[in-house]
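If you're matching them up, the sequences are chains W and S in order. Residue 48 in the numbering used here is what sits at position 48 of the first sequence, and the numbering runs on without skipping anything. Remember, the numbering used here sits 506 above the position in the second sequence when you count from 1.
There's no promise every hint is true.
[Claimed, not checked] From the structure, some residues in chain S lie toward chain W, with a derived Cβ separation under 10 Å:
| id | residue |
| --- | --- |
| 1 | R536 |
| 2 | R537 |
| 3 | G539 |
| 4 | E543 |
| 5 | D580 |
| 6 | N582 |
| 7 | T605 |
| 8 | T606 |
| 9 | T607 |
| 10 | Q614 |
| 11 | R615 |
| 12 | K627 |
[Stated by the list, open to error] Some chain W residues close to chain S (C-beta under 7 Å, calculated; not the full set):
| id | residue |
| --- | --- |
| 13 | Q51 |
| 14 | R55 |
| 15 | I57 |
| 16 | H59 |
| 17 | N276 |
| 18 | G279 |
In case anyone wonders, no lab produced these hints; they're calculated from the structure. Here a beta-carbon is modelled for each residue, glycine too, at the ideal position from N, C-alpha and C.
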Amino acid sequence: MTNAAAGARDPSNLEQSARRFRRSILTVLAVGLAAVAVMAAVAVWLVDRSQDYGRWIEHTYIVEAHVNRFAALTERAETARRGYLLAPNAKYQSGYERVRAEIPTALNEIAVDTMDNPVQRRNVLQLRALTDERAKLVEQMMVLAAKGDVDAAVGLFKQDRDHELLGKVRALTQSMLDEEGRLLNLRVARDKDNASLLLAVVLIGGGLMAILSFGSMLLMRRYASDLDRTQGELRVLNTDLEARVKSRTSELSRANDEIQRFAYIVSHDLRSPLVNVMGFTSELEVSLKVLRGQIETTREADPNRLPKAVQEAVEIDMPEAIGFIRSSTRKMDGLINAILRLSREGRRNLTAEPLAMDTVVNGLIDNVRHRLTEKGADAVIEGDLPDISSDRLAIEQVFGNLIDNAVKYLSPKRPGEIVVRGRREAGLLIYEIQDNGRGVAPGDQERIFELFRRAGTQDQAGEGIGLAHVRALMYRLGGTIRCVSELDQGATFRLSFPPNLSNDAS
Amino acid sequence: MTAVADHKPVTIVMIEDDEGHARLIERNIRRAGISNEIRHFADGTTALNFLFEGAQGPLKNGPALILLDLNLPDMNGVDILAKIKAEPGLKRTPVVVLTTTDDKVEIQRCYDLGCNVYITKPVNYESFADAIRQLGLFLSVIQVPEIEA
């Protein structure tokens with residue numbers, strides 16, 4: 001019993017473990033997916049930011065380059081101007097003009113570059129103003145020099161204003177470069193921070209993934225080992241169960257054999273003393289006959305010499321006693337024969353053969369046709385009976401007994417009708433034998449199948465063997481029998497068979 | 507006609523554990539007018555001993571008829587039947603099986619083993635008495651084979 005209880009607990013354990021596993025694996029997967037999604041979003045955002053930062057850094061370099069170019073152009077223009085002032089020839093003039101033309105372009109480039117920066121924008125405006133002012137000054141100088149008035153030109157050159165302007169341009173350029181340098185430092189630092197953040201996110205994400213996969217692996221391994229263990233237990237239980245079924249079956253068949261043998265031995269051994277009782281009763285009868293002869297002779301000789309008591313004992317009491325002994329032994333013999341027949345029926349080998357049930361039942365009805373006519377009753381097969389594969393003799397005995405009973409217990413109150421019908425239902429063959437006879441009270445419906453038990457008014461001959469025999473046969477055929485009835489409302493006996501007689505039924 | 511000396515009287519060997527049955531059988535045999543000697547054994551061992559070893563037994567001395575009950579306390583009557591029919595000196599001795607069994611399989615087995623007559627002891631005593639009387643008639647006409655010396 002403990003084994004069975006353990007067996008009942010284990011499968012539910014497995015189920016529980018499976019449920020737990022499903023829940024945890026789902027949680028792990030959901031958490032993992034969410035983490036990966038967040039991580040991916042953060043990483044994308046960081047990469048995007050990094051690109052942005054890169055662009056800004058590049059932009060800073062470009063601005064620096066442009067500022068440097070502007071500074072270089074300014075210096076080159078200054079050099080060309082000084083050269084021209086020292087030796088006013090066309091070479092220096094054209095050199096100056098060339099450089100001079102490039103300066104506004106360079107300044108425009110810087111202006112475009114620094115649109116975003118108010119500080120630089122202001123610087124550019126200032127620078128433009130200074131450059132323009134200086135350009136005008138230099139223009140004057142160049143014109144004077146071209147006219148040959150070198151002294152006036154040099155005079156202009158020597159003016160503080162020119163020098164001041166140049167110094168301001170140089171300082172402004174430097175401050176712009178400084179500003180860009182500051183921005184560059186800032187941006188590079190920001191980019192570095194961003195890169196470390198990205199690295200951190202990727203590392204954390206990777207770690208999280210590793211933890212999650214490790215966790216799910218652990219879960220899976222635990223579940224798999226749970227599964228293995230329970231499967232092993234199930235296998236053991238299964239084998240155990242088979243062995244148990246086998247041993248129970250053999251116990252049962254042993255018990256059955258025992259009962260059969262017991263019934264057989266009992267009926268034989270009971271018969272033996274009965275032979276004596278009957279035999280010596282006959283011997284008594286023989287002796288009694290001698291006595292009666294003697295009494296007859298005595299009476300003929302002298303009736304008065306015979307005491308009345310002797311005459312009564314010999315002629316009335318003794319024959320009566322012998323009569324009772326005889327009827328009792330006869331009855332007992334009948335009962336013993338019934339037990340013997342049941343035990344023999346239990347030992348007979350059943351052999352299945354296909355039976356055309358319409359033919360079989362019609363034959364059985366023909367057997368009772370004479371009695372049916374006598375009672376003014378009729379028996380019919382309703383529809384077609386499904387055919388069965390079973391032991392012919394057993395089937396004939398079952399149906400014969402039931403039809404016989406139906407005829408026997410018809411009610412005198414109404415014309416008898418017996419109907420036999422059959423159908424297939426859920427893989428079973430169901431047959432019904434229905435009558436409109438006196439019926440069986442609900443309380444007696446189980447009792448009538450017991451040996452030597454009968455029900456209702458005892459006005460019909462019988463020993464209470466037929467239905468017991470039928471039920472024993474039905475069990476052996478692997479089927480069941482049930483009685484559905486109300487008292488005085490007729491009875492229906494329902495037989496249900498497996499479609500084929502199984503081999504282990506015997 | 508053979509010499510009178512060759513006709514030894516047939517001894518009836520009755521192997522029957524139930525005293526009542528034995529008495530009834532004996533009475534009916536007598537009632538049928540058979541006066542042969544009846545030797546009664548209540549168990550298989552002493553019966554076999556007499557049949558095979560007894561100085562007056564059928565193997566050593568004279569013809570016999572065996573009435574055999576199958577239900578014996580110490581052994582199965584069928585085994586006794588088999589032993590009798592396996593012994594060359596005894597196998598021609600008629601054996602009448604008397605038992606309460608009317609089981610077809612057992613009857614068949616007895617005939618297969620060489621039983622000559624099988625009589626079921628019925629509770630209906632008249633038919634039983636009849637059967638015994640018939641057996642008496644059968645005894646009176648039976649040709650008991652001579653024992654070869």
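For this session: Hints the structure violates: just list their numbers, smallest first.
Result: 1, 3, 4, 5, 6, 10, 11, 13, 14, 15 and 16
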